[in-house]
Amino acid sequence: MLRHYFEKVINALEKFSYPTLKSRPLTLIHEIPILRTEKYWNKLGRGEIYATKCIRCNTIYYPPQIDCISCLTSQHMKWIKLSNEGIIETFTQVHLKPQGFTNCEYNYIIGIARVPEGVKVMGWFLNTNVKDVYIGMHVKILGKITSDNFHLIIFEPYKGKPLNKK
Amino acid sequence: MRPVGIIGVGNSKFGRRSDATFPEIAFEAVKEALEDAKITQKDIEVSVVGSTGTRLYESYPSPSVNEYVGLADKGPIRVEAACATGSAAIFTAYNMVSSGYVDTAIAIGVEKMCEVDTPTTTAVGGRANYLWEFHMFGTSFTAYYALFASAHMSKYNTTEEQLAKVAVKNHHYATKNPKAHFQKEITVEEVLNSRVVCWPLKLYDCCPISDGAATVILASEDKVKEFKVEDPIWIKGIGFGSDVNNLTRRGDYTSLSATRMASEMAYKMAKVTPKDIEVAEVHDCFTIAEIMAYEDLGFCKKGEGGKLIDEGETWIGGRIPINIDGGLKAKGHPLGATGCSMIYELTKQLRNEGGKRQAPLNNYIALAHNVGMAGQYCYVTILRR
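For the protein sequence lines, the chains are W and S, in the order given. Just so we're aligned, residue 1 is where the first sequence starts under my numbering, counting upward by one. Just so we're aligned, residue 167 is where the second sequence starts under my numbering, counting upward by one.
If the Cβ cut is set under 10 Å, some of the chain S residues that face chain W in the computed set are:
| # | residue |
| --- | --- |
| 1 | G291 |
| 2 | R293 |
| 3 | Y310 |
| 4 | A317 |
| 5 | M319 |
| 6 | S320 |
| 7 | V362 |
The following residues of chain W were derived to be distant from chain S, with all beta-carbon distances above 12 Å:
| # | residue |
| --- | --- |
| 8 | G47 |
| 9 | C57 |
| 10 | N58 |
| 11 | C71 |
| 12 | H76 |
| 13 | N127 |
| 14 | E156 |
Hint data in this document are derived by calculation from the structure and do not stem from the laboratory. No experiment lies behind these values; they were computed from the predicted model shown. By construction, the Cβ of each residue, glycine as well, lies at the ideal position given by its N, Cα and C atoms.
This is chain S alone, in the form it adopts within the complex (with noise of 0.2 Å):
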């Protein structure tokens, strides 16, 4: 396996972008990315294109997205992990590149998901699991997650002041990110008092529904130099977990072990403990999941996520800055762009060029967290300058 380095990177703005179809959001993303590697589509090898495309027009939305951004004969895959499709696309461009199969390789990351209403968007997504759960019982991703939170406040007594809080500090980031959807504060009360979506997790607990495009451009160390990037970035470790799809067959509420599985696998690849990660971004569809995030990450002990947030650690200044460009919770989550997105901001903060909302970084390593579902897919993604 060769060494892979990060060469550019593009984030559309995040939003209800009803001023463009999703390959015109693809091609803000892959535009940004090819200026920012000074490079153009010729030096481009493969293309994966990373979309869950459920709530789409077009039923195969690769060959629209790589023709209209003008990679129309480099896509030959699109690939699929529901809300961690973005990171199975860079994983699966990144074995292209690692195996020396090809230098370059670009993972587009894309999903229009507002052009549906939300009773059709929150049922589509509901139908995780249609036969045996969503048919008889009408489940939502809200309430998966909200079956998480109950178990974790039951067995925890984390609180919903606690959740709030992960809200709280994730608006307060996303002010000073422009590409993110939400560009407001909110406050602890106005979290607890906002309506309430799937009881214990209310509006604010909840990401919004958000179309947006993130791009990374991949490349072996032969072409990083042959390209002279001033600044590489390097994926030191990749882990993937994954888990069963009926909620009935897992152990507990109160932890994904897909996070566990593939945290252990990134560490070890990597060879850093959690600890070590200086900056990372962790997958808060609901704060439920970024509180769940800091103890399979390891950040902290089981059950002590709700006094990590307590304490501020999570904060630029903490122990470990978490979802400093909003998180999915405020930055928006478009499902296939979600993954690229988290390497785009932790390539910015790993270059310090994180601005307003900079990390102060002494070894320059990071770690990327996308999950799938409620735990059925995860990958862990550790960077490093």
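Same shape as in the complex, but just chain W (with noise of 0.2 Å):
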């Protein structure tokens, strides 16, 4: 009894707050440069899942990039498209969400899921019970570009014939 009103005391200082100054506020909006992956964001909007690929060595990159780490070229990337469809190896269920994403009014699940091409892919359920996920599932996995112009990746439950293996 004695002890529950000490952590009532205790309680009640932690949240007890000190006279403060409000600082200046700052704002910082980037202008990203997407010149090199441009074709990557623009391909989201047409639903299509796009990597690339160093045609000397082979090597595939997800996210994108036009450099590659192995030959240190930068002139051998193709653009290749990922299949839209891929098998998830983990996800969670954002409930405490972050400056930036507040006004999102359902608490949003990220996966992510290895596509056949042999990368893995960060999505969002969208529409999709968080019961019904789990891990191994069989997603369909689409680009889109939203009305407030930000780009996302969807998966959902996927419906149709196996997975084929490439």
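Once you've looked at the hints, go ahead and assemble the two chains, each given alone in its own frame, into the complex.
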């Protein structure tokens, strides 16, 4: 009983705020160059996910990059379209949202899926109950540009014939 | 490389420190360390400040810290390695002493995280990989570790109860540490019933957002003698590891390869094995992180971390007491301070100054494990009396 009382006092003290000065606000909005990955961002709007592949050493890069770290060249990269399906390797549902996503009305589900090309893609489950998501789940993967002009990758439960292993 | 001794340690009170600025908090830790070493600022040759600084109002925090603590002319460097920043500061200071460049160095880890609101501090953390992850998917640090928790639970049948037991243990030991953020015992039921932050991690699976500072003073063997340090603790091994930033480029989500790399290096350098470690501080920013650390550091087999906490082996009296100062989970995790705070606790333990939370020691060998981000950085430090 006494301990309970002390805990209440400690909690109250923790929330007690001392005098402070409010700092002048700082706003940072970056203009991020996408000249070299423009195709990736544009293709998302058409539902497609692109990676890059070095034609010299066959390394596939996802997220895409135009510089090959094995060959140290930038001239031998080609764009390849990834399959629109994959297998979920892990996932979480975000309840406490960071600044930038606090207006999101639902608790979004982030997953990572392996695609047949051997690389892995991060995405969101939309319109899927978290109880229906599991590791090993077969998903359809779609790129999207939202109405507020943000790029997104969406996972949906896969309906149709089983995944082709390439 | 010369032997390097720890001659003084300090740790501020961790918590929501709206009573003080970050240089003022740093002063608490520096003062304690200088008094502990029985030296003054004049005896220090170089100061390495570790602060991620990402939530501070100062863009470049090191000069204001060094000036405030009386080391203005000793501070040419600030280091950053996300949540492993404190260890990066010690690593830098260690190398300067060990190489013979200087004879004494101080590592000052300091962070203030509570001056901005929670969604902002969550975003600053989540923007660890802005372009390819946060921008599109709103990742946060809890989300990153939740991805590991889901995979670990699926692959090894690790349970939410086992994760909860880590929180219960660390909260218990925090009640024996007056400097810890939390001072309250919790139960497995309370953890399981706490609100979900990022499934499967709930509020009590997560470390708090804390302010704090910790300091470690290092010296060469000659200086240890010159200062007549009664009980120096020696750094016998420091290993480092790192990994890709894109989580989609990781092999799997049940282990941190940076931990395995760093620990292998540290064990080899210190000429010890996991079995020799008698007390450890491991990086438990989330309960799943402690379970993975048990396995990746070799304290149990891969996949058996849940069993190790079930059997109580990481409590005092068990095979290897872990995070008996409350850990990041309950002591708090002011990013820059954490690595130095781990060394603070282990130094106290190795000197038998652990008080109510003293681990029984025979050979006096201890290990600190500090991860940056979700395994992008790792340092493992092995100490010996």
